[in-house]
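Participant: Next come the chains, spelled out residue by residue.
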Amino acid sequence: MSSHDSVHRLYQQHHSWLNTWLRCRLGNAADAADLAQDTFVRLLQRREQLELNAPRAFLRTIARGLVIDHWRREELQRAYLEALAQLPEAEVPSAETRELLLELLERIACLLDGLRPKVRTAFLLAQCEGLSHKQIAEQMGISLRSVERYVADALYHCYLLRYEP
Amino acid sequence: MNPSPRVVKQAIHWMLRVRENGASPQLQAQCEQWRSASHEHELAWQRVHSLQQEMNLRAVPGAGVVALQTLENSQQRLHRRQAMKLLGGVVMLGSAAWVSKDIGLLDPWTSDFATATGERRSIRLPDGSLLDLNTHTAADLAFDSRQRLVRLKHGELMLTCAEHPLGPAGRPLLVQSRDALLEGFDGRFVVRQERDCTRVTVSQGKVAIHHPGPAGLQWVAAGEAFLVNAQGATPVAQQNMDPGAWADGLIVTRNMRLGDFIDEVARYRHGYLSCSDDIANLRLSGVFRLEDTDKLLHLLPQTLPVHVSYRTRWWVRLERQA
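Order-wise, the sequence lines are chains H and G. Under the working numbering, the first residue of the first sequence carries the number 1, and numbering increases by one thereafter. Under the working numbering, the first residue of the second sequence carries the number 1001, and numbering increases by one thereafter.
Hints are computed from structural coordinates only; laboratory data are not their basis. Note that beta-carbon positions come from the ideal geometry of N, C-alpha and C, so glycine has one too. Take these hints with a grain of salt, some might be off.
Said to hold, decoys possible - Label-pair restraints from in silico Cβ distances:
id : chain 1 : residue 1 : chain 2 : residue 2 : range
1  : G       : R1151     : H       : P88       : 27 to 37 Å
2  : H       : R42       : G       : E1194     : 47 to 57 Å
3  : G       : A1237     : H       : E96       : 52 to 62 Å
4  : H       : Q86       : G       : H1307     : 46 to 56 Å
5  : H       : E138      : G       : T1234     : 49 to 59 Å
To be verified - Calculated pairs, DSSO-like style, for lysine-lysine (alpha carbon to alpha carbon, straight line, at most 30 Å):
id : chain 1 : residue 1 : chain 2 : residue 2
6  : H       : K118      : G       : K1295
7  : G       : K1153     : H       : K134
8  : G       : K1206     : G       : K1153
9  : H       : K118      : G       : K1153
10 : H       : K118      : G       : K1009
11 : H       : K134      : H       : K118
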């Protein structure tokens, strides 16, 4: 049986269940339908053998990842708008720059996923504000050595996600 | 072929050194030398460099502070959402800390964890369960092939069990307090070591109290709370306070005595905090943020006839408003 056939069968048997599962998480039928669709699209793109012994657990795993991506985007947008609201009007960037930045932030947020908060903060202070390691150490109240280790750890973490997923 | 982890780390090291001391020609030359030593070095360098470029927020005009705020705030809320809605708590949020994949640093699985007064911390355990430590708490782990044991030495912890109730190898998940051994199955529960007893509150799933004395085994279901001491385990009414809200950095009260509320807030502060007897029986309901307890105290006069008096920063007393 080709992998497309098995995806098709999964779709027939579990699509409405997955839709309901997603609706419970997202509280929104339109988003749920989109993500259910995306889940099966993901499956079609996979080259390895599908794990069909526990189809629902398998679908849930993929759908979960998509839900988190969806929420990440939402939360980024919300937090971005809040941050913009605090800027003086003259400093608010153009719509185009805003889109660009949001996209970049989303890429970065994905790469930073799973980092410890201190590691993350140290890295972001270097990356966003261009602070030196010494300034970061002072601001966070930790040693210079810790800052160096955190920033290097964060980069390595991103490297692995980017090049050796 | 992918560069080895060692070479990647070296490349990162060089890149950071050059970034920190960019102007030094000597350092530049040393870095060039390292890069040209092998193809592997150069490939790792190129990748780290382009990764750095891809993540370069300073290239977008006016991005700096806004980007930092956006990333930090959205991350906190994302984890709160995940914890609450999606994974039934398998992913944590403690407003102070977020630990996950790099738990691999803890090896072997025997570690000590402690928090200072006012600090909270989340630790992802090797089985995927989540351990939250509240203010002024110490615990250690003993995970081996037979059991997954968390010893609570003092303070308060919340345990959110991973999806497999017995773990991949069928090992029980245990919390040892001074008074009893608790066994968690699914769900989430809070264990608080009080002066003369242990308080167990289950918010999801169920917990078994294994009591050393004649009381033996006692089951605690979701929504129930028990006090355990040397004599045995006694069910108690739930407090007028959400038992696990601290893990989200909050105190959530429903008609709570002000005196009890102040005792609770005092756990998160250094120094002396109290209230006079004539207001201790006032009641309050609400959601209070723990991150700044001074601010929290200053909110009280808005809803209650009280006055916050500071003798020093660390000596605070609530009194009836004149």
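Participant: Each hint needs a verdict: does it hold in this structure or not?
Facilitator: Now for the hints, and whether the structure bears them out:
For the hinted restraint 27 to 37 Å between R1151(G) and P88(H), the CB-CB distance of approximately 53 Å leaves it violated. Between R42(H) and E1194(G) the beta carbons are some 49 Å apart, a value that agrees with the proposed interval 47 to 57 Å. Our hint of 52 to 62 Å for A1237(G) and E96(H) holds, since their Cβ atoms are close to 59 Å apart. Judged by the Cβ atoms, the range 46 to 56 Å given for Q86(H) and H1307(G) is violated: they are separated by roughly 33 Å.
Checked against the given bound of 49 to 59 Å, the beta carbons of E138(H) and T1234(G), roughly 51 Å apart, stay inside it. With a C-alpha separation of about 24 Å, the suggested pair K118(H) and K1295(G) falls inside the 30 Å cut-off, and the hint holds. For the hint linking K1153(G) to K134(H), the alpha-carbon distance of about 36 Å lies beyond 30 Å, and the restraint is violated. A threshold of 30 Å between alpha carbons decides the hint, and for K1206(G) with K1153(G) the separation of about 22 Å falls inside it, so the pair holds.
Straight-line distance between C-alpha atoms of K118(H) and K1153(G) comes to about 25 Å, which keeps the hinted pair within the 30 Å bound. A distance of roughly 20 Å separates the Cα atoms of K118(H) and K1009(G); the hinted pair therefore holds under the 30 Å criterion. Proximity of K134(H) to K118(H) is assessed by CA-CA distance (about 15 Å); at most 30 Å being required, the pair is judged to hold.
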